[in-house]
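Visitor: One-letter residues, chain by chain:
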Amino acid sequence: MAGVPPKDSGKPETGNVTDDPAAGDEEGMALSEGVTEKEAVGEAEGEGMTEKEATAQVKGVAGAEVGGVGSSEDAGASEEPPETEQVTMKVWRGDPSGGAFVDYVLPRVEGEVVLDVVHRLQATQAHDLAARWNCKAGKCGSCSAEINGKPCLMCMTRMEELPGDTVTVAPMKTFPIIRDLVTDVTFNFVMARQIPAFRPKEPEPDGTYRMQQIDVNRIQEFHKCIECFLCQDVCHVIRDHEVNKLYYAGPRFFVRAAVLEMHPLDTIDRRDLLKEHLGLGFCNITKCCTEVCPEHIHITDNAIIPLKERVADSAYDPVAWLGRKIRGRRKARALEVLELAPAHAAPTSDDLRPAMATQDESGESASRDSAGAPDRSDGGNAGGEHGNNTGG
Amino acid sequence: MTTDNRHEPAAEYETHLVDVLVIGAGGAGLRAAIEAKERGLRTAVVCKSLFGKAHTVMAEGGIAAAMGNVYPEDNWQVHFRDTMRGGKMLNNWRMAQLHAQEAPDRIMELERWGALFDRTPEGKITQRDFGGHRYARLAHVGDRTGLELIRTLQYRAVDLGIDVFMEVKILRLISDSEGRISGAVGYYRATGEMVLFKAKATVIATGSIGKAWKFTSNSWESTGDGHAMAFWAGADMIDMEFVQFHPTGMVWPLSVRGLLVTEAVRGDGGALRNSEGTRFMFNYVPEMFRAETAETEEEADAWYEDHANNRRTPDLLPRDEVARAINSEVKAGRGSPHGGVFLDIASRRSPEFIKRRLPSMYTQFMELAGVDITKEPMEIGPTCHYVMGGIRVDAETAATTVPGLFAAGEAAAGLHGANRLGGNSLSDLVVFGRRAGIGASDFAEGRSGEPEPDKGQAAEAVGAALAPLDGKPGEDPYALHAELQNSMHDLAGIIRTGSELEQALERLDEFDERLERIAADGGRQYNPAWNLATDLPSMVTVARLTASGGLERKESRGGHTRDDFPTADPEFGKVNVAQRRRNGRHEVVQEPLPQMPKELQALFEEDKH
Ligand SMILES: Cc1cc2nc3c(=O)[nH]c(=O)nc-3n(C[C@H](O)[C@H](O)[C@H](O)COP(=O)(O)OP(=O)(O)OC[C@H]3O[C@@H](n4cnc5c(N)ncnc54)[C@H](O)[C@@H]3O)c2cc1C
Ligand code: SF4
Ligand code: SF4
Ligand code: FES
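From first to last, the protein sequence lines are chains B and Z.
Positions 1 to 392 (the numbering used here) are the ones given, in order, by the first sequence.
Positions 1 to 609 (the numbering used here) are the ones given, in order, by the second sequence.
Wrong hints could be hidden among the right ones.
The calculated lysine-lysine pairs, modelled on DSS-like cross-linking and capped at a C-alpha distance of 27 Å, are [said to hold, decoys possible]:
1. Lys554/Z x Lys574/Z
2. Lys355/Z x Lys224/B
3. Lys554/Z x Lys201/B
Please keep in mind that the hints were generated in silico from the structure rather than gathered at the bench.
If you're wondering where the values come from, they're calculated on a predicted model, not measured in any experiment.
Assemble the whole structure, with the sequences as input and the hints as a guide.
Guide: What follows is the structure, encoded as C-alpha cells:
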C-alpha cells in the first residue's frame, strides 16, 4: 500500500479525529485563536475589497455586511470577525486503507456554500484535504459528496439551509476511495464506453437536419446531465451490491441510452443491449435517482420507464415490431454493432475488476457513511486501485 | 550498465509513446484529438480534471456562426467584420477570416455527432443576439451551450477510442536534441506518480489564465499552464496585455463573487440600470459604434423584435465598453448596494420566458443568492473572464514558433485581437481545434523515428515539482496564491497605470523568489496544496506576461485600459506586443500586424458610408 500517512494527524491542533479518543477533545476546539491569522489570508483571497476596484464605494457597507472579512492588507480587517457564530464540519478523511470523520470548527460566513467552507478549510486548517471541484456553479458535476448523509453538489448546497451547527461531509459511498472526499469514478467512464454512439441518418439534400423543438425537448432534458454521478451513487443496485457493477450501467447511463434511443436522427437500436448487458431490468423504479439529480432530470419517469417499455416492446410486441418494419425504420441492433465495434468497446468485466473492491478482502473497511445518517450504517467499499487513465 | 542509458532516471517514469499528444480536454483539445484520431494516429488527451469537466462546460450563451438561419442577410463577411471591429482591428485577419468561414460547418458537424441545438419554427438551428454581433448569430442550447459542446465532443472521443489520461497535470514540455518538442512530463493527481509522454507532435489546449486574478469566472484549472509552458519552451507570445473582464459577474454573496452571468440575459432583453434606475449605457456609446446603436430606449427595445428597422441596444456593446461603463458608474456613486450595477430582466420579460430561455441563470441566482430573477433585478459587476493573448500561431496550421508544438483555443492568440466577442470562443475552439489536429497530424506523419525527449529536462521538471514536498518549512501555497491574486487585481486589473504595472512586476519578482521556498503539507496522493504549489509557477509567469505587455502598450484599447494613456493610439494599432524567452532573457517587442488584403479591407471602407 503506497498510502501516504495523513499529515494532518501530525498537527493535531487543527482537527479532532472523532473516532480516536486519544486525540482528545481539548484539541478539537483549539483552533479559534491560532487560526485567525491564517483565516484572514484565506478570506482575503475570495473576499477582500480594494480601493481600486469597482466596489470601492461601498467598501464600508459590504465589509460590515459580511462581518468584516475584508482583506488583511487594505480593508484593515479586525483580527476577530465580529460574527462569531461557529460551525463544526465533520469531514471524512482517509485513503483506501481507512479513515474517519475529523471535526473542524470555523466561523460561519454569510452566503457560503459547503464548497466554500471546504476551500476555507484547505486554506487554513487542512491544506491537503482532497476534494474535486471546477465550476462552483452546479455546471460541471465535479463536487459530488454526501452532505449530512444526502448525495448532493457541494457547490450548490448553502450552509444556511443546513440545520444545526454541525455539518457532515462524506465522499460518495458507491465508488472506491482515492483520498478524503475524492472517489474513483472509473466505473462510470467504463460504462460510458459500452453504449454504441449516435449514428445519424442521412441529412436533407441541403446537408442540414430539420428537427422541431417539440421533438427535441425531451432529449434536451437528458442533455442537461452534468455527469455528477449522484444518481449512480444513490442507486441501491450498485450502492449495496458491489458485484452488480459488472452487470449494471446505472441511471446515468440509462439516461444516456434514452437520449440515443429517442433521438430523432439516430439509427441504432440499443434495446437488446440494455436488457442483456446493461441491467435495465435490475432497476425496480425506487426513484431515488430522480430525487438526487441536481439537474432535476426526471430520470425514472422520462428515461427509465419509457426505456423499459421499449425493451418489453422489442421482446414481446409483434405489432410494434411490424409497425417498425412497415415504416422501414429498422434500426441496426446494438449488439450487432458492438460485435463490429473496435476493441475498446469490449465487455466491462475486465475493465472493472481492478476497480472492484470487495468488502471481505479489505477487511477493515472504514465506515464512510455520514455520521447522523441512520439509514446507512454498514461498511463502505474502501480499497482497490484506480486505473486513472481511463480510456474513454 | 554504464553504456545503456535507457535505465537512466527518465526511464523510471511510466512512459507512453504517441503520435499526437493533446494537452487539454476542453473544446479545443477534444476537437484536435478527434481530428488526429480520425487520421488513424496514436492520440492521447491529457487533462487536469475528470474527463468532461473542462472549463468549456461552463460556457453559457452560445457559439457564433454566420449560418443565416434567423437573418438570411448574415454571412461570413459580416461575421468577419464584427470580429475585427470587436477586436479593435488588432486581430490576425486570416484567423478571423477562416473562423468566420468555417464556423457554420463545424456546427453542422456537432449536430451530426449528436448535439441538439434549440430550433427555429422551420426546424433549423436557431440563433440568438449577443454583444457586438450585427445579427442574431449564436447557436445555443438554452444557457448551457458549453455543456452540449463538451458532451458531444466527449462522446465522439469515446466513440473513436481516444486514450484519455484524466487528472494528470502536465508540468513541462520537453524537446529533443534538435529543439523539436518531443513530449511532456507530468503527474497523476491521484497517486502523485510521474508520467512521461513521448510525442511526435504536441497540441496545447489548456485554456485560460483567470486564476491569477481575485474575482474571476474561471475554475481552478485556469492557471495558464499551457501559456507558461510554451513561453518556457521559447514560443512567441502575443497580446498578453489583453485580458477580458466580463461586464456581468455576480457580486453577491461574496463567496460567488465573479461567477458569470451570461450575456444572453442582455441578448434576450435584459437592461443595465444604475442605482437611479437610469439605463446608463446610452451615455457610453463610443464613436466607432454610434452609427449603428440606438439613441432612445424605444428604439433599443424595438430592436429586439425588428433588427432591420431599428438600431441595436447599447446594452449589447462589446464587453470592454460595457465593463468600463459599469466601472465608471460605480465610481460616480451610482452603483448597487454591493458595488455593482443592476441587470434587470424581471420587469422586461415574462417569468415563463425567463425560465425557458435562461434556466441555469434562474437556478444560479435562486440557489446561490436567494434572488428570483423573474421578480428582482440582478446585481452584477465586472469579473476576470478570458485572455485574448496567448501563444502565437500560424492561422492555417495552428503551429507555434517552436517546431512540433501547436496551440488552439484560449491558449492560442490572434483571432480575437484586443477584445473577444461573446460566442466567438466556442466557435474558435472547434474551428482551430480541428486545424491544430490537422497541423499536428501532418507534422507527426512527416517526422521519422521515435521522439527522444531530453531526459535532463524531464528530471529537472520532476525535481522542481517535488521540491515543495521535501518537508522543509516554507511559503504556504494558499497564502501566496491569495497575495498573487490581490496584486494582479490591484495592479493589473481593468484600469491600469504605468507605475502600478511596474509595481506588479516587482512583486512578481518577489513571488518568483518565494516560489523557491514553497512548501506543501501532506504527501503526493491527491494533495491540493501540492497541486497548487505546482500551478503557481505558471500563474506567476502569465501574470508577468500580462503586466509587461501592459507596460509596453502605452494606450487604451479593448481589454487593456491605461489611465495614463486613456485613448487609442493609431501607432499602437499597427503592432502586436510580442514576448519570448531568448537565451534566458525575457524579450518584449512591438511587431507589425500581418497586412490584410485589399478585398477584405474594402469591407471596412463600405461601412464608413
Ligand atoms: C463562465 C463562462 C462562460 C462562457 N461562455 C461562453 C459562451 O457563451 N460562448 C463562448 O464562445 N465562450 C464562452 N466562454 C469562453 C469559453 O468557454 C472558453 O474560452 C473556452 O471554453 C476555452 O476552451 P479551451 O478548450 O481553450 O480550454 P478549456 O475548456 O479551459 O480546457 C482546458 C483544458 O486543459 C486542461 N489543462 C490545463 N492545464 C493543464 C495541464 N497543466 N496539464 C494537463 N491538462 C491541463 C484542463 O484540464 C482542461 O481540460 C465562457 C467562459 C466562461 C468562464
Ligand atoms: S429508480 Fe432504478 S435506477 Fe433509479 S435509484 Fe431506483 S433502482 Fe436505481
Ligand atoms: S442524471 Fe442527474 S444525477 Fe445523474 S449524473 Fe446526470 S445530472 Fe447527475
Ligand atoms: S463545482 Fe461544478 S458542479 Fe460543483
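Visitor: It remains to establish, for every hint, whether it holds in the given structure.
Guide: Cross-check of the supplied hints:
1. Our distance criterion of 27 Å between C-alpha atoms is met by Lys554/Z and Lys574/Z, whose separation comes to about 13 Å.
2. Between Lys355/Z and Lys224/B the CA atoms are separated by roughly 15 Å; this keeps the pair inside 27 Å, and the hint holds.
3. A hinted pair counts as satisfied when its Cα atoms are at most 27 Å apart, and Lys554/Z with Lys201/B does not qualify at roughly 56 Å.
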